[in-house]
Amino acid sequence: MGPLDRDTAKRRGRHRLDAMRRRTTLLRERVVVTAIVSFVLLWAVVFVQMATGNDPALGPGKAARRPAAKAAARNPERPTPQAAPPEVESESEAVETETAETEAAESEAAESEQFEVERLEAEEAEAMELAEIEAEEAEAEELEAVTSGQS
Amino acid sequence: MSEARRTFECFGGVVTIAVLGPASMEPGRAAASAEAKLLAAHRQLSRFLPGSELSRLNRDPRARVPASPLLVELASAAREAGELTAGLVDATLLREIEAAGYRDSMQGRPEADQAAQPAASIPAAPRSAGAWAEISVDRQAWTIERPPGIGIDSGGIAKGLLADEAGAALAGFPAYAVDCCGDVRIGGTAGRRRPVLIEDPFGGEPIHTFQMGDGGVATSGITRRSWKGAGGAPAHHLLDPATGEPAFTGVVQATALAPSAFLADVHAKWALLSGPELGPSRLPHGGVLVLADGSVETVAARAPIETAA
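Order-wise, the sequence lines are chains A and B. Last residue of the first sequence: 151 (the working numbering), numbering continuous. Last residue of the second sequence: 1309 (the working numbering), numbering continuous.
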């Protein structure tokens, strides 16, 4: 097989690699976009909560209750602040749960995309190897001869 | 990927078509289609078939004759061969070659004893007024114009022309070869090189092997299609245009490489008719000459083969 045949096989391999690289780039872009959108959504939820006066930090959740308990221990004579009503506490816990779920989903999606990228990179290497093998096979296989005699 | 191959009798010899391609491209079907077209072209252009279009043209008393595109291409090729070789390759010597004894396809007839060649070797020369120069074609009206009585001989140029035509139909395949009785067209999208063996004019092992990816190879010689003429003198089908007699130039076989099988055929005949001295200069893309003493001269290419895309 001549250099032209090797070039053809390499060109075919390069086309495959280009296609895979395009897919990889697309997936990377999707990972970035998904992360940004998730981030914005998460903070939008927090913003809406704050704007509607339901700041979890100011609510009677664990974080708010702990300093109050410490203060009470330091000054037993001082009256302990009254506990928040049960409906406010449950609303705050729901927001915390939702945030945790969003973060978990985001992390899961990123992991999945990362796995896909790794898989594509492995496929890319495999395609490269295949193109090399095809080029070697084409080189080894010679076309059958024809004969030119007196016409 | 597999190569479909078909071998069949046509043009008074053996034709081979090889097409390499994936099964999805149906190379076998393409080879069969090319075979059918070549057989149809043979029926159309053979001078040995009285009913062929070429025979009707050669008998036609009109100066301008309507013709099929294939016959128009043949007539145009006859003129082109004359122009390229300054009249040395003359496809209008039909009457002369018939007079010399070549009236049928000669299939199955024994060859003449080539050892009995004339001692003198003289390069051929063109006729002062070659009839080829009076051929003109009209590709709008599909007509051929020539003085009535001129006979066009398809034997000299049609095989190469038809190998090119068949090759053009197979150009989309990764590799193909069309061998019309020794006039070979090779090509394909993969640009893969194929060995081309050059036959020994005296029946021995191949004298040379070329590797070709795209282009034509043709061989002309005087040891086949030869016969005993008047008085038992050896005769063959390559005529000296100046005398109208078989040419003995000192070259018994010439092989030419060229961008097309048609051009290779013309260059091979031109080299043979020019003799050992000028012969190599008629092979710009390379070739092989076998001289009367049996020596083999390989001619290196002076110009690369550039085929039409």
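Bear in mind the hints are in silico, worked out from the structure with no lab data behind them. Note that this is a predicted model, so its numbers are computed, not measured. All C-beta atoms in this analysis are idealised placements derived from N, C-alpha and C, irrespective of residue type, glycine included. Please note that a few of the clues may not be correct.
[Stated by the list, open to error] One side of the interface only, derived from the structure: several residues of chain B facing chain A at Cβ under 8 Å:
1. K1159
2. A1175
3. R1192
[As the list claims (entries may be wrong)] Covered by chain A, according to a simulated footprint, are these stretches of chain B (three or more residues, beta-carbon under 8 Å):
4. 1012-1018
5. 1198-1206
6. 1299-1306
Here's how the hints hold up against the structure:
Checking K1159 of chain B against chain A: minimum C-beta separation of about 5 Å stays under 8 Å; hint holds. Using the Cβ-Cβ criterion of 8 Å, the hint placing A1175 of chain B at the interface with chain A is satisfied: the shortest such distance is roughly 6 Å. For R1192 of chain B, the suggested interface contact is upheld, since its CB lies about 5 Å from the closest CB of chain A, less than 8 Å. As drawn, the region 1012-1018 of chain B meets chain A at 3 residues by the rule of a beta-carbon pair under 8 Å; at three or more, the given contact holds.
Here the region 1198-1206 of chain B counts 4 residues with a CB under 8 Å from a CB of chain A, which clears the bar of 3, and the coverage holds. With 0 residues having a Cβ less than 8 Å from any Cβ of chain A, the region 1299-1306 of chain B misses the three-residue criterion, and the hint is violated.
The structure fails to meet hint 6 from the earlier list, while all remaining hints are met.
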